Amino acid sequence: MATRAPDRPAAAPPGRPVRARRGVRRHLVHQLDTKASPYAYVAPFFLLFSAFGLFPLAYTAWVSLHEWTLLEDEHAFIGLENFRTLLADDYFWNAAFNTLSIGVLSTVPQLLLAIWLAHLLNRPLRAQTFLRVTLLLPNVTSVVAVVVIFSQLFGRDFGMINWMLSWFGVGGVAWNEGVASSHAAISIMIMWRWTGYNALIFLAAMQAVPRELYEAATLDGASGLTQLRKITIPMIRPTIVFVVITSTIGAMQVMAEPLLFGSYMVTGGVDRQYQTLALFIYENFTRLDFGYASAISWMMFLFIIVIAGVNYLLTRRAKGSLT
Amino acid sequence: MSAAPPAPGAPTRAGTGRRRLDGARRLTYLTLLAVAFFSALPLYYSVVVASRDNAALAEVPPPLLPGGNFFANVARVFDTVPFALAITNSVIVAGSIALAVMFFSTLAGFAFAKLRFRGRNALLLLTVATMTVPTQLGIIPLYMLMVKLEWTGTLYALIVPALVSAFGVFFMTQYLSRALPTELLEAGRVDGCTTWGLFWHVVIPVARPAAAVLGMLTFMSAWNDYFWPLVVLTPENPTVQVALSTLAAGYVNDYVLGLAGTALGTLPLVVVFSLLGKQIIGGIMQGAVKG
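As given, the protein sequences belong to chains A and B, one line each in that order.
Under the working numbering, the first residue of the first sequence is numbered 1, with each subsequent residue one higher.
Under the working numbering, the first residue of the second sequence is numbered 1, with each subsequent residue one higher.
Read the hints as simulated data drawn from the structure, not as lab findings.
Quick caveat, the model's predicted, so the values are computed rather than measured.
The C-beta atom is built at its ideal place from N, Cα and C for all residues, glycine as well.
Incorrect hints may appear among the rest.
Some chain B residues near chain A, calculated using beta-carbon distances under 8 Å [unchecked claim]: (1) Ser46; (2) Leu115; (3) Val128; (4) Thr132; (5) Phe167; (6) Val169; (7) Gly258; (8) Leu259; (9) Thr266; (10) Val270.
What follows is a set of in silico ranges between Cβ atoms, one per label pair, in the way DEER data are often shown [what the hints assert, rightly or not]: (11) B:Gly95 - A:Arg25: 19 to 27 Å; (12) B:Pro235 - A:Leu70: 16 to 24 Å; (13) A:Phe168 - B:Ala40: 20 to 28 Å; (14) A:Asp33 - B:Ser177: 48 to 56 Å; (15) A:Ser223 - B:Pro209: 21 to 29 Å.
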């Protein structure tokens, strides 16, 4: 700095030394401000996200290649051994099946119902705000609260749902004992919490569809259902793709529902009948087997990418058959 | 809708059309009310159970109206788990996360929406892409990191990793690129404002409504977060959700106790949401359109 300093006055025009020097300084500061500020403003997000979001995800891959428990300081590198064990582990495939089953049961009816509800809401109605707020109430309720409430509703002896079923001659279903019944119960909890939310996302997209299309269709005598199929769904396809992908990613990570539905059993029921992949990770985490848990995480990541990719292609391809 | 000039011969058609619409509309209302009913029913029933005693639950038919035991049950909740501490912790955690997310998202959103810099589009795309990254899968190294930092069992472990959100940045970028007039920024520049000065005096006042919605959404999701607090906290220093799960797990057959805790931890949020619901829903729907 000291050697450079004399250069500056020399560079300034001789006529008005003081004001020009200040002008140059001001110009430099301004330059620095406009060039650097944007980066400084987006930096907190990228730094924190890298440190606490991206780095852990990448480091999972490294841990998965080790015999790694929290209690030991030495972590032996064992290559793909964890993955080899995993692929031969029946509990893993059981968890994968449960995740898929609960995922399909909760997502497919949920999204169909959400589109239909959005379609119903997408017209001039009274009490729009009331209806929307009520639809979103379940989403404001925490997962823990949802499961605690529904565990009571699904209770075998005194649950309200079994009481209602008894009107139709169905007796005492033990919801958390069977595979199908527990998957159904968990799916209903997920659906209850997310259908309204997704309906509002669809509704937002539907409101951007030009009204004239519907008016023309009404004049042509097209029914509501036809309008939904021929106009609405093709027009909101990008949103449908978005919601299908995010719901898929969410469904693959279901963990709190099975954990709490089984009153905190990390195995997801006595016979692991509703242990999901995320819960299987947590089980190995509580056993402090971090290497194995990380290997499951990566397999799950792989599943998420594959299933989200397939769903993406399916939703995009559906275009042809619908229009 | 009826303003469209009728085609020849239309009047009769329009007449029957409207009558058919009325029938359809009644069906629409009935369906939507039924859905609203089932959305609210479990919450209502949790209040019913929370205000009864366990003996009443064994009756057939089950009780359908609230009883008078709510405060007695709530007192039992406070005796069983450190619920006052849990509420304090949750308020601190959700409050600081909401404030930080509002601030950092507005800052980054301003840069993305209105400042020109190299790599802007690529960085914005990267931000959107990170929204789909299942960060839950990195939970084991994140836990190891917290052990290294000696943050396990403390609120830092919940707050620091959640200070920023990709959704928040995207949300504020969307809002500011629409709502912040470029002329206003240019006028500020002419008056000699630095970029920081612009942010402070021009951007923040404009961003306030959207930032408030973002803050409420963030507060709610931080309040309801369960998996990560369960992993890093202990039952002695819990958040509301961790305390609730301790109740539900430790006292499996004591439904009244579990649901009294649930009602206590959920109802404040439900009430706030019902009052401010219109704004929050507007925010969710705005954030969704561009998705």
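Distance restraint evaluation - B:Pro235, A:Leu70, Cβ atoms, bounds 16 to 24 Å:
19 Å, holds
May I ask you to test the interface hint for B:Leu259 with respect to chain A, counting a Cβ-Cβ separation under 8 Å as satisfied?
Nearest chain A Cβ about 6 Å off; hint holds.
Taking 48 to 56 Å as the hint, is the beta-carbon distance of A:Asp33 and B:Ser177 inside that range?
Given a distance of about 21 Å, which is not inside 48 to 56 Å, the answer is violated.
Hint status (Cβ of B:Gly258 to nearest Cβ of chain A, threshold 8 Å)
5 Å, holds
Restraint check, 8 Å cut-off on beta carbons, for B:Val169 near chain A:
It holds, given that the least Cβ distance between B:Val169 and chain A is near 5 Å, below 8 Å.
Interface restraint verdict for B:Val270 against chain A (beta-carbon cut-off 8 Å)
Holds, about 6 Å.
Tell me if the interface restraint on B:Thr132 is satisfied: Cβ within less than 8 Å of some Cβ in chain A.
Status holds, d = 6 Å.
Hey, does the B:Phe167 contact hint survive, CB to chain A under 8 Å?
This hint is violated: B:Phe167 lies away from chain A, its Cβ roughly 11 Å from the closest one there, beyond 8 Å.
Interface hint for B:Thr266, Cβ within 8 Å of any Cβ on chain A:
With a closest approach of 5 Å, the B:Thr266 hint holds.
A range of 21 to 29 Å was offered for this pair. Does it hold for the Cβ distance of A:Ser223 and B:Pro209?
Given about 40 Å between the Cβ atoms, the range is violated.
Return the status of the interface hint for B:Ser46: holds when the least beta-carbon distance to chain A is below 8 Å, violated otherwise.
5 Å, holds
Within 20 to 28 Å: is that where the Cβ-Cβ distance between A:Phe168 and B:Ala40 falls?
With a Cβ separation near 24 Å, A:Phe168 and B:Ala40 satisfy 20 to 28 Å, so the hint holds.
Violated hints, in rising order: 3, 5, 11, 14, 15; the structure is consistent with all others.
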